[in-house]
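These protein sequences, in sequence, are chains S, Z and E.
Per the working numbering, the first sequence starts with residue 838, numbered consecutively.
Per the working numbering, the second sequence starts with residue 2, numbered consecutively.
Per the working numbering, the third sequence starts with residue 370, numbered consecutively.
A hint or two may mislead.
Dumping the calculated DSSO-like pairs for lysine-lysine here, alpha-carbon to alpha-carbon at most 27 Å [as the list claims (entries may be wrong)]:
| no. | chain 1 | residue 1 | chain 2 | residue 2 |
| --- | --- | --- | --- | --- |
| 1 | E | LYS544 | E | LYS558 |
| 2 | Z | LYS266 | E | LYS378 |
| 3 | S | LYS863 | S | LYS1096 |
| 4 | E | LYS706 | Z | LYS33 |
| 5 | E | LYS637 | Z | LYS115 |
| 6 | E | LYS638 | E | LYS378 |
| 7 | E | LYS607 | S | LYS989 |
| 8 | Z | LYS33 | Z | LYS128 |
| 9 | E | LYS706 | Z | LYS185 |
| 10 | Z | LYS173 | Z | LYS33 |
| 11 | E | LYS378 | S | LYS983 |
| 12 | Z | LYS266 | E | LYS637 |
| 13 | E | LYS638 | E | LYS544 |
| 14 | Z | LYS115 | Z | LYS128 |
| 15 | S | LYS983 | E | LYS607 |
| 16 | Z | LYS119 | E | LYS544 |
| 17 | E | LYS637 | Z | LYS119 |
| 18 | Z | LYS81 | E | LYS637 |
| 19 | Z | LYS128 | Z | LYS56 |
| 20 | E | LYS637 | E | LYS548 |
| 21 | Z | LYS266 | E | LYS607 |
| 22 | Z | LYS33 | Z | LYS171 |
| 23 | Z | LYS176 | Z | LYS81 |
| 24 | Z | LYS266 | Z | LYS288 |
| 25 | S | LYS1107 | S | LYS928 |
| 26 | E | LYS607 | S | LYS928 |
| 27 | E | LYS678 | Z | LYS115 |
| 28 | Z | LYS115 | E | LYS548 |
| 29 | E | LYS548 | Z | LYS288 |
| 30 | E | LYS637 | S | LYS989 |
Just the calculated beta-carbon pair ranges, DEER-fashion [stated by the list, open to error]:
| no. | chain 1 | residue 1 | chain 2 | residue 2 | range |
| --- | --- | --- | --- | --- | --- |
| 31 | Z | GLU183 | E | MET381 | 16 to 24 Å |
| 32 | S | GLN937 | E | LEU475 | 34 to 42 Å |
| 33 | Z | VAL120 | E | LEU681 | 24 to 32 Å |
| 34 | Z | LEU167 | S | PHE876 | 30 to 38 Å |
| 35 | E | GLN460 | Z | TYR221 | 57 to 65 Å |
Interface residues of chain E toward chain S, partial, derived using beta-carbon atoms under 10 Å [what the hints assert, rightly or not]:
| no. | residue |
| --- | --- |
| 36 | LEU493 |
| 37 | ILE596 |
| 38 | THR615 |
Everything labelled a hint here was simulated from the structure, so no lab data went into it.
Positions of the beta carbon are idealized from the N, C-alpha and C atoms, including for glycine.
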Amino acid sequence: MAKQFQKGKMVPVPSHSIVPERDLGKLPVLECQHLGIDFGGLTAVNEFNLTVGPTEIAGLIGPNGAGKTTVFNLLTKVYQPTRGTILLNGKDTHGMNTTQVNQAGIARTFQNIRLFNNLSVEDNVKIGLHNQIRYPVWDGVLRLPKFWRQEKLAHESALELLSIFDMQDLAGHEAGSLPYGAQRRLEIVRALATNPSLLLLDEPAAGMNPSETADLMENIVKIRDTFHIAIMLIEHDMNLVMGICEGICVLNFGQIIAKGTAEEIQANPKVIEAYLGSQKKGGAKG
Amino acid sequence: MSLLSNLINGISLGSVYAIIALGYTMVYGIAKMLNFAHGDVIMVGAYICFFATGKFGLPFPAGVLLAMAVCTVLGVVIEKLAYRPLRQAPSLAVLITAIGVSYFLQNSALLMWKSDPKVFTNVFVFKDAAGVPQTGVSLFDGQLTVTYVAMFTVLMCVIIMAGLTLFTGKTKMGKAMRACSEDKAAAQLMGIDVNFTISMTFAIGSALAAVAGVLLCSSYQTLMPTTGSLPGIRAFTAAVFGGIGSIPGALLGGILLGIIEIFAKAFNSNISDAVVFAVLIVVLLVKPTGLLGKAVREKV
Amino acid sequence: MKQLTASRKQLMSNTVTYLIVIVSYLIIQALSTGGLVSPSIQGQLVPICAYITMAISLNLVVGFSGELSLGHAGFMSVGAFSGIITSLSLQQAIPFAPARLAAAMLVGAVCAGIAGFIVGVPVLRLQGDYLAIVTLAFGEIIKNIINILYVGVDPDGLHASIVNEASLGLAEGGKAILKGPMGATANVKLASFTAGFILVLIALTVVLNLVHSRAGRAVMALRDNRIAAESVGINVTKYKLMAFVTSAVLAGAAGALYAMNYSSIAAKKFDFNTSILVLVFVVLGGLGNIRGSIIAAAFLTVLPEFLRKLDLDQYRMLVYAIVLILVMLATNNERSKEFFAGLRRRFFGTRKGGARNG
């Protein structure tokens, strides 16, 4: 079959092997109720209430220091919330740690890229497939048939996932040697490999030029359309956010100051004040 | 009575550990590395003082000062040659290098000064009213002896602690050290010479190590190339116990550990090592930041 | 020209390692039976195999799992003494020497594995420097415990005491195996070079196969970026513990083999210095480089023999220390890394990241 191989553009993925079947009920994928965290005396996030639909692309924006990455860290249990509830596909994630919450269906990328730099691109993706394609340790040590079968499957699946961003030719390269944009894309592929219901992208367009950003926007939508998952992203690039996010949540000083569609947010005076400073005082702030 | 005697010995030994622990804790606070070689600098200090007062016949205070000077230079040189190039390296590499430096010092000492134990003279012997040299003060009709060494050790510890607290709190260099231990990059942007500050930290720590070496060998008078290594590890235990990066923590950890060790020895001398190490393990598991330390969150 | 895939290259590299081990064994065995091997080297053959296994197992923890373990000799010690106890207790039951040796090594491995689990569960919750110090602490504790342990066997079975030999209460026909600080003084030597060779092969197979499998990837991911590994669902404790315990098991087997080479051996043989020695092997051979560990361990175990002949043995530890420092500086300092990368480019052409070629 003819495939279009253009840099960064989404390759149509006809194969079913990496698009798992998903029960697309109406249950929201994420529900945060009164979520909050204090660090000693400092309240970093407070009264964070948000619902994300099962195939929604949601945006989390706000000035620097507003607490956006802290929210991601709460969702992925890097920090345990001080108060509030997080329901993932209806299930309370209270008491889970980062590993368990990933197994429950949340995957993420990081603001400062966190790849396994000494391992190959393919190995990075295979590690993402760790819980999807499994075999017992003994089969690995003794090189039993199941090892060979599953490793072959992992190899093929990894290459297919990499083909989303047309990176399959880079499979043997050391992850740390990739250019910046490719590293960001690899992180997304690795997160997708864990078969999440909700994908959290932390500033995915950071450091990208307008052309790369446009490609990324297309790819994010295509990932959602192909994998039928929800995506929440933190971004400062307003073109990207307003362009693809169906719901946007605005954070400032750890509190939500506005929620809504792109049009609603752009017209909201509280949002404008947070980003540009109050009209009365005149002059940019922050 | 043996309870009191053990307690006093424990506090005295603990004071030495506290002084050594200071060196560990200051270096760890600022350079975020465990200077494995610190214990062996103690040994070098003791040897220098030994030869200065023995072979060269210098008076004791001069011997101590010479030991401090040599150790200061040694500490600064080690930092410059072995640790500074690895400032950006993973901590595994730095730790292995520190072990290498420790072994280097031990084996150099072995080659230069041979392995036979030297007998360190205890200078804290004063003549009493009858003209008889006494090692200490006798109390409770001779049931309890408090040695002059012990008294001097505790005194030195208190003085050093107070001095260091004043230094880091009030002086410009002290503030620079605290700034560097919080955030090196920011400190540099504020005009602080980070390299010089770190060198100064190592210098102070090494000078203190020399003092500790002299005090240790005055109490326990055998000196060998391996004399510094075990007290060094125990003092690191004390530093961690009290909370690494905290000066009062080093004092608290040192004293407590000294007391624990002496009492464990009194109970069964074969397993006193194991007891001390078991304490370390329990502390690290229950309160990883130590008694007085504070948790540092990793930025995600 | 057909492009060599990464897995093909790995397969070739592993095969070379196995070949080095097998061919070396065959050559030495041939020389040995021909009487061409000096007695001092002959006596070193079993220790070399033991140290190679120690180095391979420590590399699993330090090189692949990224944790500095300073108490590795402790596991060797546990394996050694449980192996001796097994061997001397089963003298009547299993008269066939190689079988008894195998039993001793197996028991040694299992006991060390249990010790590895007991130590690993608390230790692996810590990180970096703290983990290193606690492993050192455990190594010393193990040494202390064995030092006060008295074990004897008689027709009723095994007896143990921490007081003294007399309190073992051995019946007629019993003998003391472990005598506190003196260790084991009446051991029957069972070790053989062939047994050592088999142990090295097993260690090699286990570690290489583990590392190049799903579990191995998880272990290395945790090493490279623990937070990212957690974020993709890797169970931290499970895989850190897996590497640690596997390493302890192999060290235990190595310890048992080592002990069965001597008629008397005490706990203080397996102290902090031994742990550092094995660490030197691993660092010198390259963290994560199994073939390097084998060569370094073998080379540095025979080196003292040659140095002794040249009367340079006294400088040995000093040179080790300097080499340790220099290797760390060379492999971690930005400027020297660039220097070596430049050398590599000049001699070998562009190797890294060369997916496209003609």
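Review point. Quick check: which numbered hints come out false for this structure?
Key: Of the numbered hints, 2, 6, 8, 14, 16, 18, 21, 25, 28, 29, 30, 31, 35 and 36 do not hold.
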